[in-house]
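Q: Given chain X, work out where chains P and H should sit, using these hints.
Residue numbers (the numbering used here), protein chains in the order written: chain X, 367 to 576; chain P, 108 to 361; chain H, 11 to 500.
A couple of the hints might just be wrong.
Straight-line distance between alpha carbons at most 25 Å, and here's what the computed PhoX-like set of lysine-lysine pairs gives [said to hold, decoys possible]:
1) H:Lys443 / P:Lys193
2) H:Lys467 / P:Lys343
3) P:Lys343 / P:Lys270
4) H:Lys441 / P:Lys144
5) H:Lys450 / P:Lys144
6) P:Lys209 / H:Lys441
7) P:Lys343 / H:Lys461
8) H:Lys171 / P:Lys217
9) P:Lys343 / H:Lys487
10) H:Lys124 / P:Lys144
11) H:Lys463 / H:Lys487
12) P:Lys205 / H:Lys441
13) H:Lys487 / P:Lys131
14) H:Lys450 / H:Lys487
15) H:Lys461 / H:Lys487
16) H:Lys487 / H:Lys464
17) P:Lys144 / H:Lys433
18) P:Lys144 / H:Lys59
19) P:Lys127 / H:Lys497
20) H:Lys466 / H:Lys450
21) H:Lys487 / P:Lys127
22) H:Lys171 / H:Lys47
23) H:Lys450 / P:Lys127
24) H:Lys443 / X:Lys417
25) P:Lys341 / H:Lys466
26) H:Lys97 / X:Lys370
27) P:Lys144 / H:Lys443
28) P:Lys310 / H:Lys466
29) X:Lys370 / H:Lys124
30) X:Lys417 / H:Lys62
31) H:Lys497 / P:Lys260
32) P:Lys217 / H:Lys441
33) H:Lys47 / H:Lys97
34) H:Lys497 / H:Lys441
35) P:Lys193 / P:Lys144
36) P:Lys310 / P:Lys131
37) P:Lys341 / H:Lys463
38) H:Lys418 / P:Lys205
Just so you know, the hints here were simulated from the structure itself, not pulled from any lab data. In this text the structure is predicted, and so the values were computed from the model without any measurement.
Listed below, chain by chain, are the residues.
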Amino acid sequence: MSAKEEILSRIRSALSDAPVAEETPREYRTSSQMPEEELIELLVDRLIDYKAGVEVINSAQIPEFVAAKLKDANSVVYPHGLEQRWLSELPTGITQIPDAPGARLSVAQLDATSAVVTSSQVSIAESGTIILDGEPNQGRRAISLVPDHHLCIVPVSSIVRLLPEAMVRLTITRPLTWISGPSATSDIELERVEGVHGPRTLDVLLVRGL
Amino acid sequence: MRIALFATCIVDAMYPETAKSTVKILERLGHEVVFPKAQACCGQMHINSGYMPEALPVVENHINAFDTDDYDVAVAPSGSCVASVKHQHPILAERLGKPELKERAIAVGKRTYELSQLLVDVLGITNAAEQLGSYFPDTITYHPSCHGMRSLKLGDRQLDLLKTVGGITVEELPEADQCCGFGGTFSIKNADVSSAMLEDKMKNICSTGASACAGGDASCLMHIGGGLSRTGAKPKTLHLADILASTMEETVTL
Amino acid sequence: MTQVFLGMPAPGHGNLFEEEPFPQAAHRELGNTQMRKNLRHATHTIRDKRLKVVGELPDWEQLRDAGAAIKNNAMANLEELLLQFEKNFIARGGIVHWARDASEANKIVTQLVKDTGSTEVVKVKSMATQEIGLNEHLETEGISAFETDLAELIVQLGHDKPSHILVPAIHKNRTQVRDIFLQEMPEVDPNLTDDPSKLADAARTHLRKKFLAAKVAISGANFALADTGTLGVVESEGNGRMCLTLPETLITVMGIEKVLPQWEDLEVFMQLLPRSSTGERMNPYTSLWTGASADDGPRNVHIVLLDNGRTRALSDRFGRTALNCIRCSACMNVCPVYERTGGHAYGSTYPGPIGAILSPLMTGIEAEDNGSLPYASSLCGACYDACPVKINIPEILVHLRGEDVDTKRETHKIPTQMDLLMKGGSWALGKGKNIGLLEKALPLGRLMAGKDKKIKKLPGIAAGWTQSRDIPAPPNKSFRDWWSDQKESK
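One chain only, chain X, in its complex shape (with noise of 0.2 Å):
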């Protein structure tokens, strides 16, 4: 018998007595009303609360304040898809890398840059999450992950109040990451402080219009 065979067979005979479960009650929030202000308002509490830096803007306002977030980096990355608009007021100095299909750069070189700018798929107000899941505006995982400036865009159009409005609007197959301010660990004497191996600072940029 192979060990998957057995397994099955095991689980089979543990379940002799047929057990049948209740069907799962599901009388937990799945939408809600919120005014666009309100959401903001939450959504931005939240964030500060996970000591992320928060910029409540107009899409207009979008490359003056991505130049104001990074200005102390020598080099940024972004993915390949991302409006190349966003970046056009960053100061000549600071080098500009793009990570594409067909030309990805190497986990040395993203060791190497400074920061990385990004969109974002759909944010959760209630609890400050935000999810990027791999479109070309927000690039594969380890452009997200290995700078260690991360400032995100978050267009107020995707951001919902809860979670199970949030899941509507993902492709879970996707490879998916949801982010909930900046690195940080509750392993020393389970006291929270921010900035361990993910990026140290998270920048959001929350846009209206966009």
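A: Positioned in the frame of chain X, the structure of chains P and H alone reads:
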């Protein structure tokens, strides 16, 4: 109403005053109290110690004693014993393959109330001084026993009753929701951990400056009281029923 | 030795055993005052945080109900869900392995690592690999495993054992962590302080090169989604993302009970888990991957589906809900026993209330001293209240005590004191007239008391009581007798 008193074995044998207090309170409200003499114990000690076949005669005896039409509701001055009657008896019957006993256990459980449950939910007591004449001119603190708090979800019923006793001062107990460490045979089998839990409970009780720690379970109170007695600490322990039964004319003393 | 039949649930092996009776282990651990201080501080910190974030959700109880029902359904349909998961995982380019027990899983993982030619692996914190003793096994095969979670790193560098499922180094305080780093990290700044953010920085520097160079990573998984073949890891530090994203080969070891029926179920567990474990609204990072992606992350993606006693637990109809555990650690954080003894007292990888049921369910109650674990509880019920999937831990503890007593009944030739006490108690408390008869002797009990009306020393097993508590002298007359005298003479 005709109310059957389930005294519980520990109160019957060790703290008869608490059972008498329970009777007094209910009679004061004009109810008739009966004491089914076949009763002995809920069997919790056996069940919680893992002695299921040995628990069976005890549980059967309880069900036989209380599965009668001779009363309207049953009451016990103990959250733990009531939780056992309501939750453990049906499970034991199922485990030992006695479906008929299980049904009877459920029926008895439905009619059985912890004292504060009965007073608040069934008899509508919201003010002990006014409705029961309760009077206790001293400072107490209150320990909510685990099974009453978590299994029966008594909430603040006991505490609210105590707060409305005439002349009383109730000091809040720090970390009140923490177990005192009794746990039946846990206090013997894991005596060291139990004692460590008790130590913290006593520290918190003493920090309130109260003369007594009140509670709704004689067993936990025996545990806490036994520890306080051993360390020579000032506070005593007192059952909720004894405080509620205390009046201006007949005041309970520590 | 229990005989094992092919195809029948078999006991688990590995780090699942209490090696001495719990009271003995607890006695020793209670003597460690520094550890007790550390644990008290950490558990009380997390209790307050958990209550705050749980209180924010108006539908917390509905989420718990859904979580419990999803898990019950998953267990009831486990075979079908595992097959569905396997099919979907393979369709997405993943490779599935099945392991009956710890040693089989260790062999599979070792061979997979050897096939890559690598002699080093980076690891994401994983209870399953802790349970099977994977690191130790890899070491004997010449493969070095580097733990990358901060607390796991502290334990590994300190040559210590984990004592908590979420924060394995919970028994160490910041100063002790600093001392371990100073001693074990050759490159560390000798002026390192015990500021937790500085310690986190030191861990970052220590592991950075390992992450960037790693060819093989080993992870656990918080859940597997049957309908899509997706795996998920929930973490905080980014060490998980490093391991799951950068290496060429990813090997995940996961217990078979982690499979969930459908991807929508995530919306329940991703609300329950972070709030219950670290007391956060959401953990900093969650990674989800479905097989191997063409251009993103590891090219070789394996999963080892592990039984190791899980089917044994599943076969216990009064205990199987223990498999619903999502390893949040809320039960141990609120447990008054765990708070005082720490996790080492439980012997197994799984400490605290859930460990006290899970370990004996997976190994059998008769294994080593696992029969002493279900008694490591005052049955206060704080664990049940805190459990996000509503595992009735106190009820299962009591059930397993019954199993323990029944098992020992067969092996004990001479009844123990407890056996005799319970036997006698069964007679005495089995009839109103029996207890009534005994109560006639209450005045005799008064003779045992001193002048101060206290009983200060009892013999035999009851001595455990009088080590720290008195017993009041019994009354002259029971309530029963008083009732007969007063009420029935009228």
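Q: All hints, please: hold or fail.
A: A quick look at each hint next to the structure:
Between Lys443 (chain H) and Lys193 (chain P) the alpha-carbon distance is near 24 Å, which keeps this suggested pair within the 25 Å criterion. A distance of roughly 20 Å separates the Cα atoms of Lys467 (chain H) and Lys343 (chain P); the hinted pair therefore holds under the 25 Å criterion. For the proposed pair Lys343 (chain P) and Lys270 (chain P), the alpha carbon gap of about 18 Å is at most 25 Å, so the pair holds. For the given pair, Lys441 (chain H) sits about 9 Å from Lys144 (chain P) by alpha-carbon distance, which is consistent with the 25 Å threshold.
Distance restraint check for Lys450 (chain H) and Lys144 (chain P): the Cα-Cα separation of roughly 15 Å lies within the 25 Å cut-off, and the hinted pair is therefore satisfied. For the hint pairing Lys209 (chain P) with Lys441 (chain H), the CA-to-CA distance comes to about 19 Å; that is within 25 Å, so the pair holds. Straight-line distance between C-alpha atoms of Lys343 (chain P) and Lys461 (chain H) comes to about 18 Å, which keeps the hinted pair within the 25 Å bound. Proximity of Lys171 (chain H) to Lys217 (chain P) is assessed by CA-CA distance (about 48 Å); at most 25 Å being required, the pair is judged violated.
About 22 Å separates the Cα atoms of Lys343 (chain P) and Lys487 (chain H), which keeps this hinted pair within 25 Å; it holds. About 74 Å separates the Cα atoms of Lys124 (chain H) and Lys144 (chain P), which puts this hinted pair outside 25 Å; it is violated. Taking the CA atoms of Lys463 (chain H) and Lys487 (chain H), the gap is near 15 Å; set against the 25 Å cutoff, the hint holds. The straight-line distance between the Cα atoms of Lys205 (chain P) and Lys441 (chain H) is roughly 20 Å, inside the 25 Å bound, and the hint therefore holds.
The straight-line distance between the Cα atoms of Lys487 (chain H) and Lys131 (chain P) is roughly 18 Å, inside the 25 Å bound, and the hint therefore holds. Taking the CA atoms of Lys450 (chain H) and Lys487 (chain H), the gap is about 7 Å. The hint holds against a cut of 25 Å. Simply put, Lys461 (chain H) and Lys487 (chain H) have alpha-carbon atoms about 19 Å apart, close enough for the 25 Å limit, and the pair holds. The straight-line distance between the Cα atoms of Lys487 (chain H) and Lys464 (chain H) is roughly 17 Å, inside the 25 Å bound, and the hint therefore holds.
The straight-line distance between the Cα atoms of Lys144 (chain P) and Lys433 (chain H) is roughly 22 Å, inside the 25 Å bound, and the hint therefore holds. For the given pair, Lys144 (chain P) sits about 50 Å from Lys59 (chain H) by alpha-carbon distance, which is inconsistent with the 25 Å threshold. Using a Cα cut-off of 25 Å, the hinted pair Lys127 (chain P) and Lys497 (chain H) holds, with the two alpha carbons roughly 11 Å apart. Annotation: proposed proximity of Lys466 (chain H) to Lys450 (chain H) holds, straight-line Cα distance about 22 Å (limit 25 Å).
For the proposed pair Lys487 (chain H) and Lys127 (chain P), the alpha carbon gap of about 12 Å is at most 25 Å, so the pair holds. Proposed proximity of Lys171 (chain H) and Lys47 (chain H) is supported: the alpha carbons are some 18 Å apart, at most 25 Å. For the proposed pair Lys450 (chain H) and Lys127 (chain P), the alpha carbon gap of about 18 Å is at most 25 Å, so the pair holds. For the proposed pair Lys443 (chain H) and Lys417 (chain X), the alpha carbon gap of about 69 Å is over 25 Å, so the pair is violated.
Simply put, Lys341 (chain P) and Lys466 (chain H) have alpha-carbon atoms about 18 Å apart, close enough for the 25 Å limit, and the pair holds. Of the supplied pair hints, the one linking Lys97 (chain H) and Lys370 (chain X) holds, its CA atoms being roughly 13 Å apart against a limit of 25 Å. As the CA atoms of Lys144 (chain P) and Lys443 (chain H) are separated by approximately 8 Å, the hinted pair is consistent with the 25 Å bound. With a C-alpha separation of about 21 Å, the suggested pair Lys310 (chain P) and Lys466 (chain H) falls inside the 25 Å cut-off, and the hint holds.
With a C-alpha separation of about 23 Å, the suggested pairing of Lys370 (chain X) with Lys124 (chain H) holds against the 25 Å cut-off. Proposed proximity of Lys417 (chain X) and Lys62 (chain H) is supported: the alpha carbons are some 18 Å apart, at most 25 Å. A distance of roughly 34 Å separates the Cα atoms of Lys497 (chain H) and Lys260 (chain P); the hinted pair therefore is violated under the 25 Å criterion. Of the pairs offered as hints, the one joining Lys217 (chain P) and Lys441 (chain H) holds, with about 22 Å between alpha carbons and a cut-off of 25 Å not exceeded.
A threshold of 25 Å between alpha carbons decides the hint, and for Lys47 (chain H) with Lys97 (chain H) the separation of about 49 Å lies outside it, so the pair is violated. Under the criterion of a C-alpha separation no larger than 25 Å, the hint pairing Lys497 (chain H) with Lys441 (chain H) is consistent with the structure, at around 21 Å. Between Lys193 (chain P) and Lys144 (chain P) the CA atoms are separated by roughly 20 Å; this keeps the pair inside 25 Å, and the hint holds. Among the hinted pairs, Lys310 (chain P) with Lys131 (chain P) is inconsistent with the structure: their alpha-carbon atoms are about 33 Å apart, more than 25 Å.
Pair hint Lys341 (chain P) plus Lys463 (chain H) holds up; C-alpha atoms about 16 Å apart against a cutoff of 25 Å. Between the alpha carbons of Lys418 (chain H) and Lys205 (chain P) the distance comes to roughly 24 Å, so the proposed pair stays at or under 25 Å and holds.
Violated hints, in rising order: 8, 10, 18, 24, 31, 33, 36; the structure is consistent with all others.
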